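Chains B and X are the protein sequences, given in the same order. For the first sequence, numbering that gives the first Met the number 0 gives the first residue as 0, with consecutive numbering after it. For the second sequence, numbering that gives the first Met the number 0 gives the first residue as 0, with consecutive numbering after it.
If you're looking for bench data, these hints aren't it; they were derived computationally from the structure. These figures come from a predicted structure and were not determined experimentally. A portion of the hints provided could be inaccurate.
[As the list claims (entries may be wrong)] Computed from the model, here is a short list of chain B residues facing chain X with C-beta under 7 Å:
| # | residue |
| --- | --- |
| 1 | ASP55 |
| 2 | ALA61 |
| 3 | ILE77 |
| 4 | HIS81 |
| 5 | MET84 |
| 6 | GLU92 |
| 7 | ARG98 |
| 8 | GLU103 |
| 9 | GLU117 |
| 10 | VAL120 |
| 11 | GLN124 |
| 12 | GLN125 |
| 13 | LEU179 |
| 14 | ALA180 |
| 15 | ARG237 |
| 16 | THR240 |
Glycine included, each C-beta is placed from N, C-alpha and C at the ideal position.
What follows is the residue order along each chain.
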Amino acid sequence: MNIDICIVAFSQSACVAQAGAANEVELIMPQLEAVYSQVGISNAQDVDFVCSGSCDYLQGAAFAFVAGVDALGAVPPIQESHVEMDAAWALYEAVLKIRMGHAESALVYGFSKSSPGELPVVLSQQLDPYYLAPQWIDSISLAALQARLMLDKGIIKASDMAAVVAASRRCAMDNDKAQLAGQFSISDLLEEPEYVSPLRKADCSPISDGASAMIICTRSKAEEWQVPFVRLSGIDHRIETHNLGMRDLTTSHSTRLVAEALSIHNSSLDIAELYAPFSHQQIILEQALELQAETEINPSGGVLAGNLMMASGLSRVGEVFNRIVAGEAIRGLAHATSGPCLQHNLLAILESS
Amino acid sequence: MGELAAVVGIGQTKYASRRGDVSIAGLVREAAQNALEDADLSFKDIDAVVIGKAPDMFEGIVMPEIYLTDALGANGKPMLRVHTAGSVGGSTALVAASHVQSGTFKRVLTVTFEKQSESNAMWALSTPQPFSVHLNAGAGGYFAPIIREYIRRSNAPSDIGIKVAVKDRLHGARNPLSHLNLPNISHQEVEDSMMLWDPIRFLEACPSSDGACAMIIANKDLVSESPKPPAWILGGAMRSEPTIYAGRDEVNPRAGRDCAKDVYAQAGISDPRREFDCAEIYVPFSWYEPMWLENLGFADQGEGWRLTLDGATSLDEGGDIPWNCSGGVLSSNPIGASGMIRFAEAARQVRGDADQHQVEDARLALGHAYGGGAQFFSMWVVGANKP
Numbered sequence: 000m001n002i003d004i005c006i007v008a009f010s011q012s013a014c015v016a017q018a019g020a021a022n023e024v025e026l027i028m029p030q031l032e033a034v035y036s037q038v039g040i041s042n043a044q045d046v047d048f049v050c051s052g053s054c055d056y057l058q059g060a061a062f063a064f065v066a067g068v069d070a071l072g073a074v075p076p077i078q079e080s081h082v083e084m085d086a087a088w089a090l091y092e093a094v095l096k097i098r099m100g101h102a103e104s105a106l107v108y109g110f111s112k113s114s115p116g117e118l119p120v121v122l123s124q125q126l127d128p129y130y131l132a133p134q135w136i137d138s139i140s141l142a143a144l145q146a147r148l149m150l151d152k153g154i155i156k157a158s159d160m161a162a163v164v165a166a167s168r169r170c171a172m173d174n175d176k177a178q179l180a181g182q183f184s185i186s187d188l189l190e191e192p193e194y195v196s197p198l199r200k201a202d203c204s205p206i207s208d209g210a211s212a213m214i215i216c217t218r219s220k221a222e223e224w225q226v227p228f229v230r231l232s233g234i235d236h237r238i239e240t241h242n243l244g245m246r247d248l249t250t251s252h253s254t255r256l257v258a259e260a261l262s263i264h265n266s267s268l269d270i271a272e273l274y275a276p277f278s279h280q281q282i283i284l285e286q287a288l289e290l291q292a293e294t295e296i297n298p299s300g301g302v303l304a305g306n307l308m309m310a311s312g313l314s315r316v317g318e319v320f321n322r323i324v325a326g327e328a329i330r331g332l333a334h335a336t337s338g339p340c341l342q343h344n345l346l347a348i349l350e351s352s
Numbered sequence: 000m001g002e003l004a005a006v007v008g009i010g011q012t013k014y015a016s017r018r019g020d021v022s023i024a025g026l027v028r029e030a031a032q033n034a035l036e037d038a039d040l041s042f043k044d045i046d047a048v049v050i051g052k053a054p055d056m057f058e059g060i061v062m063p064e065i066y067l068t069d070a071l072g073a074n075g076k077p078m079l080r081v082h083t084a085g086s087v088g089g090s091t092a093l094v095a096a097s098h099v100q101s102g103t104f105k106r107v108l109t110v111t112f113e114k115q116s117e118s119n120a121m122w123a124l125s126t127p128q129p130f131s132v133h134l135n136a137g138a139g140g141y142f143a144p145i146i147r148e149y150i151r152r153s154n155a156p157s158d159i160g161i162k163v164a165v166k167d168r169l170h171g172a173r174n175p176l177s178h179l180n181l182p183n184i185s186h187q188e189v190e191d192s193m194m195l196w197d198p199i200r201f202l203e204a205c206p207s208s209d210g211a212c213a214m215i216i217a218n219k220d221l222v223s224e225s226p227k228p229p230a231w232i233l234g235g236a237m238r239s240e241p242t243i244y245a246g247r248d249e250v251n252p253r254a255g256r257d258c259a260k261d262v263y264a265q266a267g268i269s270d271p272r273r274e275f276d277c278a279e280i281y282v283p284f285s286w287y288e289p290m291w292l293e294n295l296g297f298a299d300q301g302e303g304w305r306l307t308l309d310g311a312t313s314l315d316e317g318g319d320i321p322w323n324c325s326g327g328v329l330s331s332n333p334i335g336a337s338g339m340i341r342f343a344e345a346a347r348q349v350r351g352d353a354d355q356h357q358v359e360d361a362r363l364a365l366g367h368a369y370g371g372g373a374q375f376f377s378m379w380v381v382g383a384n385k386p
């Protein structure tokens, strides 16, 4: 428990609408090469543990992660595991492995190609298989339901949602990995037609293909590698009920629980990278986290600028890491989510060493 | 190893080809409730939930932990979903153990399941992979040539597989949870059953089962809060290697050998056949018993089949190292849970709680799972004695 765990490397591909014929291994390889070179190692043999996050349904075939193993050079065999979740949870598993003393270093990666399928429809099959999935309620419709509740209750106005999008597009102009960027006014955005009412297309994160990878290790290993490192001083997560009718969709109870567990409320945070696939969800998260005015939110543009399914959560952690290493922040928060309407939420606190 | 942890509760469902009386949520909850009852605990005593199953395409539910959170009492708690192919049941147990061994949690619930009656495993295992050779073979077709190579190398008598099939079904007949209940199975009956993938006959293959298995893993400080004896976790290891690479030995995979070496070192074991009292090993096709006897160091290269032939692995024949006393994967096979059942049945033995299939005075047992193209391995060693 008292082991200091550090992030020492991170790399993410560009978010692209369509990676074409590139397969998953080809998406992963450049990111692995990048993190290896950041710490000066040559392959997965040089870390003690590997954990990845992916989703078979996005690849359209069982065992998406098996192809990932081919990218690792796992000869001789390696200690390796996989979560069918965003790679932020693979990071969580790797942290436990280091805390228990079974590893000093770990490689974590996530990847997907969302472009070949219809992502919102694929995600409808996450729902209760007897009562909800047969209705094929897609992820955008469920998010629209949530946004409608917030608008009707007067918690937000349409212009608040547009303001989130405008800020995302503006920040993304400085992010060469972003898929959507540009200067848009709130009125520009509100002139766009509704897509799934009350959501406009710009309120929804785009469909993206890509991958990201990270290396974490103990403090002593980071010092041995002689690379800049950022302390991962806290990481925790909570899930809440799947029954949407039992949840207050206008808030995020599970995010609040994690924030309390990590004592985030009222603590000083320079930046926060939030995994909000829909504009109104960013507002829900900001409120649940009680973020203060000085906290810069989603300086990367967040996932409205590009959403790598199964990697976006890990990338939020990576974006905070990059900014702390660059000296732009001292302490930051990263968030990852899973499930419809923010059902499952993870938070990580990163601090300058 | 970090904090010392132990299994304090085990719960399984009845295994059957179709559990039409329960939904998937009902199935996992049944196992979880049984484990909590076994540990004299309730859901409020659980800090985190770790769930595992084989590919989502089996039941057609994407990331089913999202739907199962309510059934497993996970609301407001951390919940993690592990997926490492056929080894997932074992890997999930190890990930759950790491929640406690890392000092992060005091007591966790771990559950694995498969509801094969609501799935189509043969289809899900045969979907074409983009840019890859399409095998369209399912698991039996994939492993049959590897088994033939084992027979060629070892010169094993051709009926060793039949002997394993009979032995594990006789073991399964002692286990009331077993899917197959064949107390009168004979050598001839197995031999006469249809050849599916030469040399694997119908009765030499695992069944398709519905079922779930759950365990409660607790920190040493909380072990005394549960009434039954604990199964101390003395070692845990995972290894992975690619499906195909130049020089890969598919009959005796290095990942399995390395994994065994690692877990034996953690538990201080040098002679597995002598030191273990029993083992629960993932044998979905009969011939994998002699193959894994060699891979795991219970027998020398090419000699594994002799143990099977001599009855060394049979409870009924009074063997010195009984394997799969519960009936094994050959008697019950809810795929995603099959690995955890091995881990849980090893724990039942050292807790002295295995009823009719108990190995007398079992103190040390091995649990094993493998998956993919025999490329993912997970193993643990559990013991009756606190280290």
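- Which of the listed hints are broken here? 8, 9, 10, 13, 14
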